[in-house]
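> Chain order of the listed sequences is E and X. So for the first sequence, this note's numbering puts the first residue at -5; every next one is plus one. So for the second sequence, this note's numbering puts the first residue at -5; every next one is plus one.
Hint data in this document are derived by calculation from the structure and do not stem from the laboratory. This one's a predicted model, so the numbers in the text were calculated from it and none came from an experiment. Be a bit skeptical, because a hint or two may be false.
A pair holds if it fits inside one copy or across any two, identical chains being indistinguishable in the list.
Straight-line alpha carbon distances no greater than 30 Å define the calculated DSS-like cross-link-like pairs of lysine-lysine that follow [stated by the list, open to error]:
(1) K364 with K249
(2) K56 with K246
(3) K56 with K274
(4) K44 with K85
(5) K249 with K56
(6) K274 with K249
(7) K56 with K44
(8) K85 with K246
(9) K364 with K274
(10) K56 with K364
There are 2 protein chains.
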Amino acid sequence: MAVPPASPAARGRSEAGLSAIDVDLHHQIVDWSEVAPHVPAGLRWRVSAKSGPPLARHGFQKVGAGTGNVPMPAADSGTISHPAGDPRWVKEHYLDRRGVNLAILTGSLFSLGVQPGPDLASAIARGVNDWTLENWVRPFRCFKGSILIAQQDPIAAVAEIDRLGSDSGMVQVLLGSAAESPLGRRAYHPIYEACVRHGLPLALHLGGEGAGMSPPSTPVGHPSTYFEWYGSLPQSYMGHITSMVTEGVFEKFPKLKVILYEGGVFWLPHLIWRFDKNWKAQRSETPWVTRPPSSYVLDHFYSTTYPLEAPPNPRYLGEILDIIHGERTLLFAGNYPNWELGDPFDMIRDVPDDLRQGILVDNALSVYGKRLLA
Amino acid sequence: MAVPPASPAARGRSEAGLSAIDVDLHHQIVDWSEVAPHVPAGLRWRVSAKSGPPLARHGFQKVGAGTGNVPMPAADSGTISHPAGDPRWVKEHYLDRRGVNLAILTGSLFSLGVQPGPDLASAIARGVNDWTLENWVRPFRCFKGSILIAQQDPIAAVAEIDRLGSDSGMVQVLLGSAAESPLGRRAYHPIYEACVRHGLPLALHLGGEGAGMSPPSTPVGHPSTYFEWYGSLPQSYMGHITSMVTEGVFEKFPKLKVILYEGGVFWLPHLIWRFDKNWKAQRSETPWVTRPPSSYVLDHFYSTTYPLEAPPNPRYLGEILDIIHGERTLLFAGNYPNWELGDPFDMIRDVPDDLRQGILVDNALSVYGKRLLA
Chain E
-5 MAVPPASPAA RGRSEAGLSA IDVDLHHQIV DWSEVAPHVP AGLRWRVSAK
45 SGPPLARHGF QKVGAGTGNV PMPAADSGTI SHPAGDPRWV KEHYLDRRGV
95 NLAILTGSLF SLGVQPGPDL ASAIARGVND WTLENWVRPF RCFKGSILIA
145 QQDPIAAVAE IDRLGSDSGM VQVLLGSAAE SPLGRRAYHP IYEACVRHGL
195 PLALHLGGEG AGMSPPSTPV GHPSTYFEWY GSLPQSYMGH ITSMVTEGVF
245 EKFPKLKVIL YEGGVFWLPH LIWRFDKNWK AQRSETPWVT RPPSSYVLDH
295 FYSTTYPLEA PPNPRYLGEI LDIIHGERTL LFAGNYPNWE LGDPFDMIRD
345 VPDDLRQGIL VDNALSVYGK RLLA
Chain X
-5 MAVPPASPAA RGRSEAGLSA IDVDLHHQIV DWSEVAPHVP AGLRWRVSAK
45 SGPPLARHGF QKVGAGTGNV PMPAADSGTI SHPAGDPRWV KEHYLDRRGV
95 NLAILTGSLF SLGVQPGPDL ASAIARGVND WTLENWVRPF RCFKGSILIA
145 QQDPIAAVAE IDRLGSDSGM VQVLLGSAAE SPLGRRAYHP IYEACVRHGL
195 PLALHLGGEG AGMSPPSTPV GHPSTYFEWY GSLPQSYMGH ITSMVTEGVF
245 EKFPKLKVIL YEGGVFWLPH LIWRFDKNWK AQRSETPWVT RPPSSYVLDH
295 FYSTTYPLEA PPNPRYLGEI LDIIHGERTL LFAGNYPNWE LGDPFDMIRD
345 VPDDLRQGIL VDNALSVYGK RLLA
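Isolated chain E (complex conformation):
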């Protein structure tokens, strides 16, 4: 897959003058000692080593086609030797080159919520948030930040959302989908209340499954390989969606929007239709679930395009997107610089033409609102 000479996104510029909004750019902390000054003093020593803080991690080692066709800084260029380490370099070599007008930063800390130490996890989140604002968001209008939180301490998470929730540089609340308990549980509700209070969507990102306090990444135990582990990750979303709907989160917080990163979408028809069928027979346990579950799911959840499942017949893609209302629920995700599965613009090649503008631009504007252009 060669990089096209002109941006495929640029073919259809919207009325707002935007050609693509990327909701998933994994900006990288290359030197943690830059983050340390932003971490509360008592825990700063845990973060000050260049290689970063002590974090529980799973035993799966990434495999794949290297970094695909990601631009790489030349060894002698004087810039940081990581494709997502320097905001200026990323803007020039990815955003400008591919016609991406705006990118939402998501980093790579998706296991904070399953770290056994809640104070360190919350301190890291706070430090990273300020580091992101100072180094990426304030100097560059093309980057927007996510308020990273560690959900095992909901009180600290709410405080962090309140601390940064009115900052126009921050456009969502971000947490890892790896969790000790499913996200419908009552303990998490103050987090949703805070999201709604500040008009911020909640973003979930895969990655910490099986690490730290996380249960195994499948309901039948730990996988053996990265290949197997990565394939099973959307099951976290199935667990969280089912939990959030059955626990009545969206009856309690009707304005809450949830964005699911990197999980694909083809499992959604199964989930909503099995869910509706069961609801007809089993809703006596959850009288507050007053509508068919599918309507909560389709009203409140959004998905991203990296990686979109690749059916052998592209017709199926259009049909599944029709079922899940992809014309308003699907958001373009670049997943830069993790292109092991392919180029993000190739990923949406088979998307029906009448959905492209929504997926590339309009749906993000609708989900994130005015902040995105502030």
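Chain X: place on chain E using the hints.
Same frame as chain E, but now just chain X:
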């Protein structure tokens, strides 16, 4: 949903004179002291109470629309007061009335594989198998049995398969999908070798998830309600399929067939296409997976119709069945007497006409082979 006066299955009798084969009839042990004599002497005392042996169970209580329109024995009829407790009554009131020629017995012990005591679990399996043969299979040609095993002791499981594997009354090996580790793991391979040795399909049935040694029934922890728990169960199958394919089970045992009970089918397109996409980038870890994963899945796995997802537009059902080759991979399951989600014949009402004969009769004959008619 009233029971139709004439069997809907009877409308299309096949050349073999069969109108429906039900691969999932949950025959019920009402008095465990009947099973006790079949249990090895040393552990017989654990099984001799009428209410049954001590078994770890999850905390979810079944809810639903009662037993739906299941026939119920009258209180004063002198028969066992359970709709699946007496083989003669079940034959007369379910099979004969609904035009079902043959039913495969699956019982209701789907948590044996996650019981902490392997000896008791294996002893129960053995006792139940002999009780089923003596009380249901030998006296009635319309019933076929499953060799129930407890997979946490693969050596005992293989011995049980070898003990009964040439008995024409037994047509498959049955285990709960709840498991301490995913079914691709090497420790389980002797079980698959034994299945292939006797020409028996392997059947997995949901139900024990979250009990005993099982991890939580979602990768993000325990659900709060039966409704939520039941909705999440197909995730076990996603975990097992991914594991069995990536660990090379079907390269090692190319004749192994696996039947997935009660999990629906609409999640399969997601699973196979995400799997294929990942395989292209990540197969360096598993060089023995030489074909796209979808081809192993579609060649080796079979699904059942209870409960089939109910899309709002029946057209989608035809399309999903097309994708998963439902014309040869889908088997009719009555799920008698657990009809909380509806009548099993209503469940297949929207199945395209040209698939009905396969689903009701031919696919079962093809999967189970000559034993079914022996």
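> Evaluate each hint against the coordinates.
Hint check:
no.	hint	verdict
1	K364 with K249	within (16 Å within a copy, 58 Å between copies)
2	K56 with K246	between (39 Å within a copy, 26 Å between copies)
3	K56 with K274	between (42 Å within a copy, 14 Å between copies)
4	K44 with K85	within (24 Å within a copy, 72 Å between copies)
5	K249 with K56	neither (37 Å within a copy, 32 Å between copies)
6	K274 with K249	within (25 Å within a copy, 39 Å between copies)
7	K56 with K44	within (22 Å within a copy, 53 Å between copies)
8	K85 with K246	neither (40 Å within a copy, 49 Å between copies)
9	K364 with K274	neither (39 Å within a copy, 39 Å between copies)
10	K56 with K364	neither (37 Å within a copy, 46 Å between copies)
Of the hints listed earlier, those the structure fails to meet are numbers 5, 8, 9, 10, in rising order.
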